[in-house]
Amino acid sequence: MKKLSEYGYRGSNINQRYDGLRFDNKTTFNKVTDVFHASVGHDEDQPAHLHVLDTNICATRCAEEYGNPCQRFCPAAVYEMVDDAATGKRRLQINFSNCVHCKTCDIMDPYQIINWVPPEGGGGPDYKNM
Amino acid sequence: MERESLEMDVVFVGAGPANLSGALHLARLVREYNEAIANGTRAGESLGEIEIGVIEKGASVGAHILSGAVMDPRALAELMPDYAEQGAPIETPVLEDEFLYLTKKRAIKSPITPPPLKNHGYHIVSQNRLTAWLGEKCEEAGVNIFPEFPGAEMLYDRDDRVIGVRTGDKGIDREGRQKANYEPGVDLFAKVTVLGEGARGSLTKQLSQRLNLNDGREPQVYSLGVKELWELPDDRFALGRVTHTLGYPSDTKTYGGGWIYGMPNRVISIGYVTGLDYGDPLLDPHAEFQRFKMHPFIARLLNGGKMIRYGAKTIAAGGLHAMPQLYADGVLLTGDCAGFLNSQRLKGIHTAIKSGMLAAETIFAALLAGDYSAGQLSRYERLVSESWITPELRSVRNFHAGFKGGRWLGMANAGLQFLTG
Ligand SMILES: Cc1cc2nc3c(=O)[nH]c(=O)nc-3n(C[C@H](O)[C@H](O)[C@H](O)COP(=O)(O)OP(=O)(O)OC[C@H]3O[C@@H](n4cnc5c(N)ncnc54)[C@H](O)[C@@H]3O)c2cc1C
Ligand code: SF4
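As given, the protein sequences belong to chains C and W, one line each in that order.
Here the first sequence is numbered in the working numbering, starting from -9 and rising by one per residue.
Here the second sequence is numbered in the working numbering, starting from 16 and rising by one per residue.
Please keep in mind that the hints were generated in silico from the structure rather than gathered at the bench.
This structure is a prediction, so every number in the text was calculated from the model and none was measured.
Built from N, CA and C at the ideal position, the CB exists for glycine as well.
Mixed in with the good hints, there may be bad ones.
[Stated by the list, open to error] Listed next, the stretches of chain W that the computed footprint assigns to chain C, with coverage defined by at least 3 CB atoms under 8 Å from CB atoms of chain C:
no.: 1; region: 37 to 47
no.: 2; region: 138 to 151
no.: 3; region: 182 to 193
no.: 4; region: 214 to 226
no.: 5; region: 314 to 327
The task is simple: from the sequences and hints, build the whole structure.
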């Protein structure tokens, strides 16, 4: 993956690539709606099974260089940059219970600091008839 | 609470088509051998009872399995010549093949299907169902399957020989504290451990780093497939029709392509594959798929239909030269975690099944020899190189690389222009 600057992007607004993409809930769906149809389940009271070795990089170097691409390459809306009310800064939130075990993050993160490990047994999608 | 341990002969990690075929084939080889000894048609000593276990992280066999899928039945027919009579869940034979090149507004139909995308004689399957059925066949053959047991760590002896696998703990809360239902993972000891974890296996990654199984190999290349099942209001997409697309919405530098397969009851499998060697940091594979569905040709097909299922899974597409060493002391790698998929045909079920069978033959020979060393298990690589897998994979080895430079798209484009005049 190359940096935002190499593509001449200003910031990480995806309209720069996906102008006109909309989710009409008939033909096209956002990730959260789609993931609902993967019947994913994880016990929420367990440690996240996506180990991010250094989350400081997220709000600083990664935001600047790549615009936090985990929010895009993950097909299940697991990674989300949010404003932290306590610190007033941006931070990475990991919605691990959405994870469909595709392993994209383990492959794609540009700093190679995401490590996918199996969650508690039985957690994950239910791909009936898929 | 004490950690439990269990001694088995062979442990398969991951209940996918690769390992289930391996476990089934091994159980059968052992049974046939023991029977031959018992009735005197073969000399030697019985192997006795061989304990074969399969652990799976999903809640049931098949729960985490997602595929297209058009299956080349070659390997399943070798595993079980009467698979149809045995009730293998085949949705439909492939009845029509279609290859489309999408421009922004149009769908150009190729008058012929490029040979690698021809699917005559193949079956459309739900791999979730096929795998669940293979799991039942394994259990009938005496294989123990343990769903809800993820392999969390490899177990090694002092000389880095693999001696089994440790399963994940249960009942740890978000802060890492033990809950009331806490149960430590189980140590499963085995003579041979077989990893069939699918693309980018987490144990495969640990193991190959520790034992340098990727030394001298090309880096693995991955794609991500995003898929939905749709129920259509009428028969507008024929049962048994297989459609593949190239072109829109992928940009010319990105490998990408769509599929639509016609299943029974007016259900279609529709999805889009994006090469994960893309450059654009704003690319979103899920958005690529949504754009694919917004193409006028696809949108018309889906109009009035209902999306019923969703999922996504990666594919290891690097081919022969990206395959790791397939064995080490006490361990073998099967299926997608070892890169057995044919990326040109986007088909890995048949090679996964075959790799599992060859692993079983290797383990059977090791049981007879009482030797589980890397030297003995290296027989597996020899069997793979002598089987039909190797010529099949050799013929496609630079396919993905061609896409990367945008050349294949150019080529397909030129080819279609030539064909359509
Ligand atoms: C979108 C898509 C479309 C495809 N289309 C086709 C097609 O049309 N035709 C075709 O032939 N092939 C197709 N393939 C490829 C095919 O699905 C794979 O090649 C095949 O599934 C590989 O089988 P496997 O047994 O190696 O791994 P998988 O099918 O991935 O199974 C691995 C199993 O191991 C389990 N597991 C993983 N890690 C652990 C662990 N640590 N502990 C316990 N369990 C674990 C997983 O939960 C899973 O059940 C497609 C793949 C994808 C993703
Ligand atoms: S494995 Fe796939 S679904 Fe899970 S967090 Fe990573 S990218 Fe998202």
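Q.
Using C-beta distances, would you say chain C covers the region 214 to 226 of chain W, given that this needs three or more residues below 8 Å?
A. Contact hint for the region 214 to 226 of chain W vs chain C: holds, 4 residues under 8 Å.
Q: Tell me if chain C covers the region 182 to 193 of chain W under the three-residue, 8 Å CB rule, please?
A: Coverage by chain C holds here, the residue count being 10 at a Cβ distance below 8 Å.
Q: Please count how many residues of the region 314 to 327 of chain W have a CB within 8 Å of a CB from chain C and say whether that reaches 3.
A: holds (count 9)
(Q) Closer than 8 Å Cβ to Cβ for three or more residues is the test here. Does the region 138 to 151 of chain W pass it with chain C? (A) holds (count 4)
Q | Claimed coverage, the region 37 to 47 of chain W by chain C - three or more beta carbons nearer than 8 Å | A | Contact hint for the region 37 to 47 of chain W vs chain C: violated, 0 residues under 8 Å.
Of the numbered hints listed earlier, the single one contradicted by the structure is hint 1.
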